[in-house]
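Q: Now for the letters of each chain:
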Amino acid sequence: SNMCCFSDVGIRGKDIVVLGVEKKSVAKLQDERTVRKICALDEHVCMAFAGLTADARIVINRARVECQSHRLTVEDPVTVEYITRYIATLKQRYTQSNGRRPFGISALIVGFDYDGTPRLYQTDPSGTYHAWKANAIGRSAKTVREFLEKNYTDEAIAGDNEAIKLAIKALLEVVQSGGKNIELAVIRRNQPLKSKEIETLVAEIEKEKEEEAEKKKQKKST
Amino acid sequence: MALASVLSGECADFSLDFRQPFGHNCGPGQSGAECDAAPGDSVSFSVKNPMLAGDDDGVERKIEFLHGTTTLAFKFEHGVIVAVDSRATAGSYIASQTVKKVIEINPYLLGTMAGGAADCSFWERLLARQCRIYELRNKERISVAAASKLLANMVYQYKGMGLSMGTMVCGWDKRGPASCTGCCLKMGSLSTCQLIDEVEGAAVGLHHTPLRRQDSAWLYYVDSEGNRVCGDLFAVGSGSMYAYGVMDSGLRQDLTVDEACELGRRAIYQATFRDAYSGGQVNLYHVHSGGWTRISQEDVLMLHQKYRDQA
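Listed in order, the protein sequences are those of chains A and B.
For the first sequence, this note's numbering gives the first residue as 15, with consecutive numbering after it.
For the second sequence, this note's numbering gives the first residue as 1243, with consecutive numbering after it.
The shape of chain A in the complex, shown without the other chains (with noise of 0.2 Å):
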């Protein structure tokens, strides 16, 4: 099916900012890497969506131009906010037009300011949009929200691999079949977006809860 309602988490760190997706599990013929669900729109900033597949296709387009025009005519990279206001602007235009219908896509835009400052953008299909600190869309994006309420914290942030790991985390709380269904992006400062390799990061977390488990069996037992 064409619907992508799966969980994405965004989570803006001091010097990194993450994107975790659900991915669905692939059929066994399709090759798995045409399914991608964040996509860079510059060097420095990119985004992941929930919804309609087609749709963000279509954003995703317009957003990569209008990035590079940014460069041609002012002369600088985009801001991730003035970015976040043209695809929120686009949105609009669709829900006040006749013979269209609007977006069905709600989209997370993670990406660096060219004055280092990281930033954390969340659109939906009315075109309004907000910066956070850390956020979820898609399915049950109300627990993986709930859950980060509650543990995004200046430690849970302090370094960059903490900052993963609290993505990874708040993901597991809803993916069905653990690690493998996850896809994990990051853009540093500086530094083009990269994907992660969860694995060993997974097995690290939960051999984490593993010693927390032990710990407070300890406890109750003395």
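Since the hints were derived computationally from the structure, they do not count as laboratory data.
Small disclaimer: the values here were computed from a predicted structure and weren't measured.
Cβ atoms here follow ideal geometry from the backbone N, Cα and C, with glycine treated the same way.
A few of these clues could be false.
To be verified - Cross-link-like lysine-lysine pairs, in silico, PhoX-like; alpha carbons within 25 Å at most:
| # | chain 1 | residue 1 | chain 2 | residue 2 |
| --- | --- | --- | --- | --- |
| 1 | A | K28 | B | K1416 |
| 2 | A | K194 | A | K156 |
| 3 | B | K1381 | A | K28 |
| 4 | A | K147 | B | K1381 |
| 5 | A | K208 | A | K37 |
Claimed, not checked - To give an idea of the interface, some chain A residues facing chain B are shown, with a C-beta separation under 7 Å as derived from the structure:
| # | residue |
| --- | --- |
| 6 | T87 |
| 7 | V88 |
| 8 | E89 |
Please build the complex by placing chain B on the supplied structure of chain A, with the hints as guidance.
A: Okay, now just chain B, sitting in the frame of chain A:
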């Protein structure tokens, strides 16, 4: 295109079948006419070329003749000095001696005017409007590079239709050369900082600290041909050659503000001395980190007395 919705009001209507050049400059079709602008005709800073008129070897001349004015700007250690004359001519008639050829786009951006008076003043006021809209939408000042690019793109749409404008956009913004706050190396156009191992020469790692862009002065020359050039020193107009001579011989990077002002003033004065189409007063501005400041307005006849008494 970025900002297309803002610019769409200024888009040229390309539904015309033909293009009528309606500039002030003499074209090949005006043989026999020497200086045919009667007094009371449209005022301009441009000059009729008596050499082109009456030329009947039949060759199409597309030479843009120099505009009747002298404007100059140069960068130095403490910012940018902008100096202009204030004479407007219609043919050999001096229409005004008190024209303001520097337009104050906003408190940190200046534009100079040379060429058609209406063209310069209209497009630069439009530029001021675009800059303000940019500020409101993006909650930060527009960079000088972007402002000059907006102007260049606006007039480029009318290229070949007879606009006559030679302007300098001068300002101060925070988009100077970047340096990495982690290691304080100047990085130029690189967006990633790499530590170089001194022994091996190989890249050791990456600093993930923010880049700091310095404050810097900028000077762009933009004209109605669509040229847009960044530089340290420009003079525009029929008196520009005289001004270049004075500026080139006196310009040093370590001038004090007063010395630089005097250099700009002297350069305009010398141009008004020799060029018939420049004169009136010398208007002087200084662009620095706090924006621009109007330094002085002095009549060239007073300057003539002053320099003669000094010598």
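Q: Now, for every hint given, state plainly whether the structure supports it.
A: Hints, one by one, checked against the model:
{"no.": "1", "hint": "A/K28 x B/K1416", "verdict": "23 Å, holds"}
{"no.": "2", "hint": "A/K194 x A/K156", "verdict": "22 Å, holds"}
{"no.": "3", "hint": "B/K1381 x A/K28", "verdict": "23 Å, holds"}
{"no.": "4", "hint": "A/K147 x B/K1381", "verdict": "21 Å, holds"}
{"no.": "5", "hint": "A/K208 x A/K37", "verdict": "17 Å, holds"}
{"no.": "6", "hint": "T87", "verdict": "5 Å, holds"}
{"no.": "7", "hint": "V88", "verdict": "4 Å, holds"}
{"no.": "8", "hint": "E89", "verdict": "4 Å, holds"}
No hint from the list above goes unmet by this structure.
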